[in-house]
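*Asks:* Each chain is listed here by its residues.
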Amino acid sequence: MKHKKPFWKTVLHFLVLCAVTFIVIFPLVITLFTSLKPPNEVITATPTLLPHDFTLENYIKLFKVRNFPQYMLNSLVVASFTAVLSLLISSLGACAIVWMKFPGKRVVINTVLAAYMFPQILLIIPLFIMCYCLNLIDTKFSLVLAYLSFSLPFSVWMLKTFFESIPKELMEAALMDGCSYWQALTKIILPISLSSITTVLIFSFVLGWSEYLFAVNLITTDANRTIAVGLQTLLGYYRTDFALLTAASITMSLPVFCLFVMVQKYFIKGLTVGAVKG
Amino acid sequence: MAKLVLENLSKIYDHKVVAVKNVNLVIEDREFLVLVGPSGCGKSTILRMIAGIEEITEGNIFIGETKVNDVQPKDRDIAMVFQNYALYPHMTVYENMAFALKMKKTPKEEIQKRVLASANILGIEDLLKRKPKQLSGGQRQRVALGRAIVRKPQVFLMDEPLSNLDAKLRVQMRTEICRLYRKLNTTVVYVTHDQTEAMTMGSQIVVLKDGEIQQADTPQNIYKYPANTFVASFIGIPPMNLIEALISEKGNKILLSFAQGSFIVPSAKAEQLKAQGYIGKKVVFGIRAEDIVLFESPIEMEPVIGEVEVIENLGAELNIHFTTASGEMITKVHPGVKIEPEQKIKLFFDLNNIHLFDKQTGKRIV
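Going line by line, the protein sequences match chains A and B.
Each residue of the first sequence is one higher than the one before, starting from 41 at the first, in my numbering.
Each residue of the second sequence is one higher than the one before, starting from -15 at the first, in my numbering.
Looking at chain A on its own, in the form it has when it is part of the complex:
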């Protein structure tokens, strides 16, 4: 029997949620309003939240400063390729793990799990050496390869868990209806796996979009820089234009924010998939 919550508990829960929301949202709010202030209003004796004069000059200046539009385009290319390749390879891998029999399957599963737990920072030097030997330094492709090395284990595991919750009879029915494994995957399994696909795409895209460490080491010229590294170039030695920096931060966040808004329904479902069997 459901008991009605006492009023004071409801108020307490509300206050706690407000506090948490405030802590999460407030830095974003400050960043947004700072980006809309003229430079002379950013650092003042008495800090203010809202701008006295709203202005878009920081955003206009941003797209004229150095190669910021080029950085965004580079990030878009790298993140998109990472997301698509991650989905393609991980869906094939998960399909093989769940539905196919092959020698060494257990070894493959354990290797994927081990790779998933491997700290990314330890891969910097070996990946740099590999890219150097393959003449891939300062190419967007090197970044895609690097990001795939840490997005794939997660993606394979996520899709494997979801595929295991799909009744195996669906795959068997597809095979009996004349599908190959590839056709069964593309025509039957993936169309009913939207939540997991969305999770994999978002995770891989955000990784490719906002990653800094590998981008700063594998990319050496301005033309190939990604937005995360481009943002860092806005930090001056003696002085930093915070208005410009906050405008760049907001601009950098916008594509990911829009992506989340579009697919949030599927993403939230994907977070809890596989939590309960059946």
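Keep in mind that the hints were calculated from the coordinates and are not lab data.
Glycine included, C-beta positions come from ideal geometry on N, C-alpha and C.
One or more of the hints may lead you astray.
As the list claims (entries may be wrong) - Simulated pairs of lysine to aspartate or glutamate, EDC-like, Cα-Cα distance not exceeding 16 angstroms:
no. : chain 1 : residue 1 : chain 2 : residue 2
1   : A       : Lys141    : B       : Asp59
2   : B       : Lys58     : A       : Glu209
3   : B       : Lys237    : B       : Glu286
4   : A       : Lys145    : B       : Asp54
5   : B       : Lys234    : B       : Glu286
6   : A       : Lys227    : B       : Glu39
7   : B       : Lys136    : B       : Glu94
8   : B       : Lys136    : B       : Asp13
9   : A       : Lys141    : B       : Asp342
10  : A       : Lys208    : B       : Glu38
11  : B       : Lys136    : B       : Asp59
12  : B       : Lys51     : B       : Asp(-2)
13  : B       : Lys330    : B       : Glu284
14  : A       : Lys141    : B       : Asp(-2)
15  : B       : Lys237    : B       : Glu284
16  : B       : Lys253    : B       : Glu233
17  : B       : Lys(-13)  : B       : Glu38
18  : B       : Lys5      : B       : Asp194
19  : A       : Lys141    : B       : Glu39
20  : A       : Lys141    : A       : Glu204
Said to hold, decoys possible - Derived contacts from chain A toward chain B, CB cut-off under 10 angstroms, selection only:
no. : residue
21  : Ile70
22  : Pro78
23  : Glu81
24  : Leu210
25  : Ala214
26  : Gly218
27  : Lys227
28  : Asp281
29  : Leu284
Put chain B on the given structure of chain A with help from the hints.
*Replies:* Below, chain B alone, put in the same frame as chain A:
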């Protein structure tokens, strides 16, 4: 249409678990064969090996003259109806039924013609634009059948298609499947754990236990002449009464005696018992519920005394559960018979319908 031959078929998992053991079976063209047995007996595994979705460990499968061990499921010209329907949830009923034909690159007009014809046979023309989640259990089952029918396969495989339906719908669908079988006149291999389905639907029944065939015969023969105690107790509602008995010689007659009660074995059966050396040995005596007579008997026998434990009123008959000195027994009587719990009643047996099994092996003696 095709004959199906299973030759020394075995399935072993991880080199240890024997799911199917050396099964030899011939399913004639246009036969309705039912594989029946308790959970874990290997019936679904056999079906899946025929379908090609389970690898064969040992043995061969022939469809017609062709050995199909290494043939892909899609190339075996077989259609399967799964226990949980396995309908594609993102496709409409029409698309589900058309999918296999589309994969074979059948022309659109031909697909439409066949889907509409199958939908007509099953009475699901109004459902073609719906998705599976908008259908009831019975409707989904029909769509699953329709998906199999449109393919016009050599063999239909059905893996417990009615087990997810309620009792009333199950009876209705059972009749529909039988009607469909007569209409399509094709080979069907049907798996079930429900012996009522097996008895009412199959032209041949194969009873399985622990991966081995216990008996393969017509429903009537399996009911009247079960090959061993497992088949005897598995087939028939209520199950056959099985109690221990002793075979002895009394003068020139053969006597079968229980902890309480005895009778002279009819001469034909007595000869067989003597010839097989069962005099002085214990056997398992079997008698069906409908072959037990209460109160008095036209034949001479010392009755078994039973105390009434439970009376199950099924409307058209009563199932009476007795406790006797030899163990529990069940009989069926007309609902008009006056019986009370804890009443002590004399039980007599119809000696034309007794069954005797070896105590060690469980195999049928007479």
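*Asks:* Output the indices of the hints that this structure fails to meet, ascending.
*Replies:* 1, 4, 6, 9, 12, 17, 21, 22, 23, 28 and 29
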